[in-house]
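Sequence order for the protein chains is C and D.
Throughout, the working numbering is defined as the position within the first sequence, counted from one, plus 246.
Just so we're aligned: 159 in the working numbering is position 175 of the second sequence, and the numbers increase by one with no gaps anywhere.
Among these hints, one or two may not hold up.
Cut-off 20 Å, straight-line C-alpha distance, at most; resulting in silico cross-link-like pairs (PhoX-like, lysine-lysine) [to be verified]:
(1) C:LYS448 to C:LYS375
(2) D:LYS159 to C:LYS393
(3) D:LYS29 to C:LYS448
The following residues of chain D were derived to be distant from chain C, with all beta-carbon distances above 12 Å [said to hold, decoys possible]:
(4) ALA(-1)
(5) ARG2
(6) VAL3
(7) ARG8
(8) ALA47
(9) ALA130
(10) GLU134
(11) ARG141
(12) GLU144
(13) ALA163
Honestly, the hints are just simulated from the structure, not real lab data.
Here the structure is a predicted model, which is why all the values come from computation and not from measurement.
We treat Cβ as the ideally placed atom computed from N, Cα and C, and that holds for glycine.
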Amino acid sequence: MQRLINDPDNVVEDGVKGYLKAHPELFAATANARVLKYPRAPIAGKVGVVTGGGSGHEPAFLGYVGENLVDAVAIGEIFSSPPARAFLDAFAAADSGQGVACLYGNYAGDNMNVKMAVKMAAKEGITVKTVVANDDVASAPRDQIEKRRGVAGEIFMWKAGAAAAAEGAGLDGVIAAAQKAIDNCRSIGLGLTSCTIPAVGKPNFTIEAGKMELGIGHHGEPGIEVVDLASADQAAEMMVRPVIEDVPFTAGDEVAVLVSGLGATPLVELHILYAKIHDLLGDAGLATHRAYVGNYFTSLDMMGATLTVMRLDDEIKRLIDHPCHSLGLTQGRQA
Amino acid sequence: MTSFPADRGADIVRALIRVITENRAYLSEIDGAIGDGDHGVNMAKGFALCAEKMGPGAMSLSAALQLLGETLMESIGGSMGPLYGMYFIGLGEAAEGIDQIAAPDFQAMLEQGLTDLRSITEAQIGDKCLMDTVVPATSAFSGALAAGAEFAAALDRMTEAAEAGRDSTKEMVAKIGRASRLGERSRGTLDAGATSCALLLAEMAAAMKPMLA
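Whenever a hint applies, use it, and build me the whole structure from the sequences.
What follows is the structure in structure tokens.
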């Protein structure tokens, strides 16, 4: 294992120190070492927006703390949900008295810890409502959509929910915006290599040389099928088809597209992939309103990419175009 | 009636901490087959943190188990943090105010732990998870007492049932947690949570037995 770490058991703690020192305008420490907040949070009169999840997906989750984005984040061990206490402390750090929207991904540990934290928060007088992302089409069939995992579509969910909060929506409005965003998102992953959790010290699973796994999850969960390594154009076709075949896309829709690297794929390759994705979406009658290509939601040192497509209506389009500033996502007002 | 003094609680919890620490690599390896390979690492981290908080002194069984549960719940996250957190807090709460722990007291502790576990998970026997260990182990202890067994013999039955429960997960297809995404591919390996649970229950029994008088 060739990694730049000090102690494999303290990767998360040591990393958080660096984020705090490098970006004081975006991150403030809290009493809980596993909770960071936007320095101006809680913002008076605004609904608090919280997320959280396991580490190893950077810039997710902490990188989406920022202006007009997430107010506080609960930070877990590598690939492991944060404890309930961290979610609770994040709620407290984000709550201005207007309630908190906790927007997170569908994993057993996160569900359990968030559920406990919401109960604990109620006792402390903090109102929390949740939206659970389930955008990964490869993780369960359409008739079991509630079992699907949340992946990079979470970024669009945070963006829409947080923009609604910044516009002044109440808690129910923020929740509705985030829910609508994720309901209109579909994602799929493609893995070319495994990844290594530093404290484990060896690859988590195996993808043989010359193969790639379509539908792989953000922690290496097995996908739909293992296929021969193909060109970027062929890979784009394999990814686009299952995404646009799933509801709710129809020809004529405008979409936002996010192609995220899984950590070890060079940016140029992500753009080679995107070029074909863009054309294939166009061939299907989907006009790309806005595209994001980069390392937005990764899986340690895995090679590969995820594709997320979100159908837009006027409301979601406005929320996605809303300006924001964070480590993971910064954009000005749409020209 | 055979019993042990509750103020030996810290020794029992230290034994649990030791068994998890010693099996850190083994548990991660089992988890690596169908999970993400960090079960041993995260468990060892949480249990070691509890050792730090306990220090070298004596504690009641109730306080020591609740400290363990609270530490796991607050520090390790994942699914195991809330599950083991609830379980050990439940065991500890049921031991509150008891100076000498006799077999019926320990039975009540086991049952409270299971009740608290069920308050946060709908997992059942057969799902390939720690329920496959904890449910039969609890029944075996209660069943042995009902059949007239002594405390020590009932602890032996509990350990046997826990280990048989752990082994039963090998041929199961996971129905819950991250491994459930694997479907048929999850068959053929032990479940990491069921394995750590069998280690913990067996170690608890082994630590209690020499204290019985």
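Here is how each hint holds up against the structure:
no. : hint                 : result
1   : C:LYS448 to C:LYS375 : violated, 39 Å
2   : D:LYS159 to C:LYS393 : holds, 11 Å
3   : D:LYS29 to C:LYS448  : holds, 19 Å
4   : ALA(-1)              : holds, 22 Å
5   : ARG2                 : holds, 18 Å
6   : VAL3                 : holds, 19 Å
7   : ARG8                 : violated, 10 Å
8   : ALA47                : holds, 19 Å
9   : ALA130               : holds, 33 Å
10  : GLU134               : holds, 38 Å
11  : ARG141               : holds, 31 Å
12  : GLU144               : holds, 29 Å
13  : ALA163               : violated, 9 Å
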